[in-house]
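Residue numbers (the working numbering), protein chains in the order written: chain A, 1 to 115; chain B, 116 to 226.
Treat the hints as calculated values from the structure; they're not laboratory data. C-beta atoms are modelled at their ideal positions from N, C-alpha and C, and glycine is treated no differently. Any given hint might turn out to be false.
[Said to hold, decoys possible] For lysine-lysine, the following DSSO-like pairs were computed, each having C-alpha atoms within a straight-line distance of at most 27 angstroms:
#	chain 1	residue 1	chain 2	residue 2
1	A	K18	A	K57
2	B	K183	B	K213
3	A	K71	A	K53
4	B	K213	A	K71
5	B	K182	B	K171
6	A	K71	A	K3
7	A	K70	A	K55
8	B	K185	B	K213
9	A	K57	B	K225
10	A	K55	B	K182
11	A	K70	A	K3
12	A	K57	B	K151
13	B	K185	B	K171
14	B	K213	A	K3
15	A	K3	B	K151
16	A	K70	B	K213
17	B	K225	B	K151
18	A	K18	A	K55
19	A	K3	A	K55
20	B	K225	B	K182
21	B	K183	B	K151
22	B	K213	A	K53
23	B	K225	B	K185
24	B	K185	B	K151
[As the list claims (entries may be wrong)] Interface residues of chain B toward chain A, partial, derived using beta-carbon atoms under 8 angstroms:
#	residue
25	A156
26	Q159
27	L161
28	C207
29	T214
30	A218
31	G219
32	F223
33	A226
[As the list claims (entries may be wrong)] Simulated restraints, written as ranges between beta carbons of each label pair:
#	chain 1	residue 1	chain 2	residue 2	range
34	A	S8	B	M170	39 to 47 angstroms
35	B	A226	A	E72	26 to 34 angstroms
36	A	G40	B	D193	25 to 33 angstroms
37	A	S7	B	D193	35 to 43 angstroms
38	A	I60	B	T140	38 to 46 angstroms
39	A	L115	B	S132	43 to 51 angstroms
40	B	Q174	A	E79	43 to 51 angstroms
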Amino acid sequence: DVKVTQSSRYLVKRTGEKVFLECVQDMDHENMFWYRQDPGLGLRLIYFSYDVKMKEKGDIPEGYSVSREKKERFSLILESASTNQTSMYLCASRGASETDTDTQYFGPGTRLTVL
Amino acid sequence: GEDVEQSLFLSVREGDSSVINCTYTDSSSTYLYWYKQEPGAGLQLLTYIFSNMDMKQDQRLTVLLNKKDKHLSLRIADTQTGDSAIYFCAGCPPGGFKTIFGAGTRLFVKA
Chain A
1 DVKVTQSSRY
11 LVKRTGEKVF
21 LECVQDMDHE
31 NMFWYRQDPG
41 LGLRLIYFSY
51 DVKMKEKGDI
61 PEGYSVSREK
71 KERFSLILES
81 ASTNQTSMYL
91 CASRGASETD
101 TDTQYFGPGT
111 RLTVL
Chain B
116 GEDVEQSLFL
126 SVREGDSSVI
136 NCTYTDSSST
146 YLYWYKQEPG
156 AGLQLLTYIF
166 SNMDMKQDQR
176 LTVLLNKKDK
186 HLSLRIADTQ
196 TGDSAIYFCA
206 GCPPGGFKTI
216 FGAGTRLFVK
226 A
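So here's chain B without its partners, still in its complex pose (with noise of 0.2 angstroms):
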């Protein structure tokens, strides 16, 4: 089955950019998400990438998709303390019922 993995923890200053990783293990998913916990709140979908794409660009949003190594980043644009969340990588195969979470990566932005 899916298996979604990325790191726990990223540090970053304002300002600066933010990349965060995940790599998975199956490529059948059609679109591959990244989603967004704020402290105390339910997780809200960020953006999405379908599977045929390489790159994803929103505002200050980049996603990039590398098929061949299973490689999904994030990145954010000017780093803003408000960005500091929980930021969950997720995949969900074809008419499958179930999206595969990542663990979450806490980002963190220091002023």
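With the rest of the complex left out, here is chain A (with noise of 0.2 angstroms):
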């Protein structure tokens, strides 16, 4: 079975704080996800990586980076944590297209808090 985890489950950081969310993957996927979950919006694509030091914009990453220096694990970074970034993160991988049907592999989420 595929094993997606998430450093931490709750998080409570203060405004202004450098915030690292972190997610490790044991499928050996190229791709990996962040998404942020807010009720009524669904889920909404961050950033994604489909390699090691490879990453690409989503559709939300003002005020986001990531990091992915190894294979396994890719980490979300807030620079300096807002309010407005009190969400629920949700990380995922996924293997490569013609070995795979494309199907994501998601980790049980961070749910971030931000005061």
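With the hints as a guide, bring the two chains together.
As structure tokens, this is what we get:
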């Protein structure tokens, strides 16, 4: 079974703090994704990565950055947390299209509250 | 680009069938998916359908795809309280990296 883990289930930070959200997958997947989930808005893609050290902006990258130094790990960074970044953050991974049905495998999520 | 729309809420009685509907704009998606999110958890793939199929059945789940109308539905037979969750419809264009998710339908099952 694919396993995607996220470093924290719940996190409380103060405005202006630097926040790191870590995600690790154990299936040697090339593609990894960070989403945020807000009520009524569904999932919105923040950033994705299709290879080590490669990253692409998603639909809402402002205020976020990412790091992919190793294939299994994809980090989301909030350089200076703000209250409007209070949300549920979901990490996902996906194998290469030719060997997979493009299915994404999700971690359990990190609920971040910025005070 | 792809846009996926689904209603936000559905309420059914235990034992009844649930039908969750989804419409999408881009017909080039090779696969269309249904994901389930239980309270406090991440999304889990429930089922998927290949774009050249009209129907797929998997135990209590039936997926119907109407490509002409760009309509996808998920039917859950004999709905149980454990089926209470948010259900997301999603599609991924071929060769694309981005899966497009609907906003999710929250299913309430009344005992």
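Checklist entry - Which numbered hints turn out to be false for this structure? => result 9, 10, 20, 23, 27, 32, 33, 35, 38
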